[in-house]
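My request is simple: use the sequences and hints to build the entire structure.
What follows is the residue order along each chain.
There are 2 protein chains.
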Amino acid sequence: MDNTAVKEWIYSQETQAVRLLQKLIQEKSVRGQESKAQAVIIEKCREIGLQLDIWEIQKKDIMNHPFYRCDRDDFSGNPNVIGVLKGQGGGRSIILNGHIDVVPEGDEAAWNVDPFSGVHRNGKVFGRGATDMKGGTVALLLAIEALKATGVLLKGDIIFQSVIEEESGGAGTLAALLRGYTADGAIIPEPTNLKLFPKQQGSMWFRILVKGKQAHGGTRYEGVNAIEKGLEVVKRLQDLEKKRNENVLDPLYGNIPIPFPINIGKFESGKWPSSVPDLAVIEGRIGVGPHETMEGVEKELQYCLEGLSEKDRWFEDHPVTLEWFGGRWQPGSIESDHPFMEAVSEAYLEVFDSPPVIEASPWGTDGGILSKGGNIPVIIFGPGTTESAHDANEFIEVRKILQSAEVIASAVIKWCEVEYQ
Amino acid sequence: MDNTAVKEWIYSQETQAVRLLQKLIQEKSVRGQESKAQAVIIEKCREIGLQLDIWEIQKKDIMNHPFYRCDRDDFSGNPNVIGVLKGQGGGRSIILNGHIDVVPEGDEAAWNVDPFSGVHRNGKVFGRGATDMKGGTVALLLAIEALKATGVLLKGDIIFQSVIEEESGGAGTLAALLRGYTADGAIIPEPTNLKLFPKQQGSMWFRILVKGKQAHGGTRYEGVNAIEKGLEVVKRLQDLEKKRNENVLDPLYGNIPIPFPINIGKFESGKWPSSVPDLAVIEGRIGVGPHETMEGVEKELQYCLEGLSEKDRWFEDHPVTLEWFGGRWQPGSIESDHPFMEAVSEAYLEVFDSPPVIEASPWGTDGGILSKGGNIPVIIFGPGTTESAHDANEFIEVRKILQSAEVIASAVIKWCEVEYQ
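Here the protein sequences line up with chains A and B, keeping their order.
One point on numbering: in this note's numbering, the residue at position 370 of the first sequence is 371, and numbering is uninterrupted.
One point on numbering: in this note's numbering, the residue at position 132 of the second sequence is 133, and numbering is uninterrupted.
It should be emphasised that the hints constitute simulated quantities derived from the structure, not laboratory data.
There could be a bad hint or two in this list.
Copies of the same chain look alike in the list, so a pair counts if it fits in one copy or across any two.
[As the list claims (entries may be wrong)] Each computed DSBU-like pair below joins lysine-lysine, with the alpha-carbon atoms no more than 35 Å apart:
no.	residue 1	residue 2
1	LYS29	LYS8
2	LYS24	LYS37
3	LYS125	LYS236
4	LYS29	LYS312
5	LYS149	LYS272
Dropping the structure here:
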């Protein structure tokens, strides 16, 4: 099929796409505040003419699933949104999934622009969520609208999903799966910088409680500083990360400096400058390879922490406590020669006149829930860049949104097939 | 003068003293919540028959004093309390000063008792503030009441002060000084474990802001972790502490493992387990020797932090920021042969039949404000122990409260002199 009309339509919509992305960024959809950004999505889905399913997640509907791991009880007012474009029948279906939640903006002083302004400058749109992944969601909607606007009649269904909770472990996508939404393939436009990721790293959040002994700061030698003990734990985690990444042979990780990082995301200790703190709380995430199980990695970290007492007797009588909480992303993978990979790769080749770069994702996505939980082949492919995600001055190139929309539209045509009339 | 009657009266009041201390501990007088514990003090002062002066500190009255350093704007509802026992005239006056504020209880799990219960067991009373310094305040009130009850008529005035804000830099004692309260000597019964401290270490609170660079945890190598950079700052502070304590020759510091400690009291960084944090905030206190100036020590710490870039180029482009905030205690000292030291030492000798142990305090007190700001000779002498201060399971021995009350009553008699009728 000749996709010229689809392509031309997409490129004619640059101004509208930028405006939609700006509106999405301007609604600060951090955890628990997703409703206004979802309202923008709903409005757009209505405009395109998708069949909407808007619902508030009920904890009881998902909490018994083995992949459920969520420390949020109340989802009221902040719905999941699904928009379906029914096909004519007889074709393969596709899920196009994006998450609406964004991580907090961090230290505002590090931003050169208001993180929720959506400034458009030099072909880039700036703001928290631009790259992770409201830009990707705009690409999905642009692709779907292009197919609709140019009169392409698909055999298979498109199931567009705008989910909450991805940044906290995927309760949104899990809820969509358990509501019955499945498909023959799924694309998630997380920031791959237009690379194809058939493998996704999983990850888990952990919390480590480190004990000290209180004392007055003026006689700090009478106490044991939990901050100093916490530093030993940080060093131990750094060593474990090194060990876990020494012998990764999978060529898809060839360009990735640390395939399965351990990130120390939070260190909190002490309440009073003149007191020796007696507790340090360390939170972070540990990457899980597609070849690993969550349980195996849990044991490895536990074992690593038990070794703390070898170098410091303090930990013998005061062992640290390891907790698994919040976010938990299953790893996922499909073979590089899977038909779905072939369809998306061909679409890429058509658009760029060169084959795609294929790598493994350095982070967890909701893809693991779809593939491990729903047996759906998943490919991560999107316009943003990992470097910009979660960073200050997060941005996305508008050009890449349009390019990825073109690839996705073309891939949908190949996968879902066209009904010629 | 024969102090037998005073002594007997003090020892007859053990039950009442314990009860008063328990009532004080049960009122959780952390910063901003001092009013109920002050009400207990006020009631007791009324009972003894002291002339009360109860007032709320006005920031404008003290904020222009060079020793003012306070990040609290609102003192309303939480007064300073002074109770005066006027002498007959012609004698030296004395300030007996105790602070009513306590530091937070810390990790409650580390306590074997409710930190605000005031449990009395095996001759000890337990709870936050028992040793620092509600036990000392009870000793002061016991000494004053003993003099009153046994009909001792002093020539000089006793000015009893129950102040707020000591743990945060001394705004309470500064306000009392600027309200006009001065004297020929002052005893502060901070926890010296019945030793005499004619020299007091000063201290200052500092805050260090350490920059990183945000990134997604899955590609943490794209960012710079502020926690890791913060650890380098902690190490640097540890080195500075070592250097500053290498050549302390003053024999009064002979038994103190670290005469002028640098305490890291707080380390906070990061908000999200899957993000690389871009800011770490470190708070602590640095000890200031009686031979040093605050300004000199400020410069030394600043210079030390500037050296961070020698080992790590990151700090060259991202220097840390040093702030001086909150608590600030002037160092203080009087000569060991000062007449006031002689009076208190003689009182001690009478009670214990052995000379007092004389040391330098390992922590700052409000004494520096009285001595440097009011030219008042100050001695720190109290029943608590430094080890127990700011710690979980803080306690005080009841016996020592009674002993210190006896020494203080006797010292007051020597210093203020008795009017024989």
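A quick look at each hint next to the structure:
1. Taking the shortest Cα distances, LYS29 and LYS8 sit within 35 Å of each other inside one copy (31 Å), while across copies they are farther apart (70 Å).
2. Taking the shortest Cα distances, LYS24 and LYS37 sit within 35 Å of each other inside one copy (10 Å), while across copies they are farther apart (52 Å).
3. Proximity of LYS125 to LYS236 under the C-alpha cut-off of 35 Å is found in neither arrangement, the shortest distances being 38 Å within a copy and 41 Å between copies.
4. Taking CA atoms no more than 35 Å apart as the test, LYS29 paired with LYS312 passes in neither setting, with 46 Å inside one copy and 40 Å between copies.
5. Taking identical chains as interchangeable, the C-alpha atoms of LYS149 and LYS272 are never at most 35 Å apart, the minima being 58 Å within one chain and 42 Å between chains.
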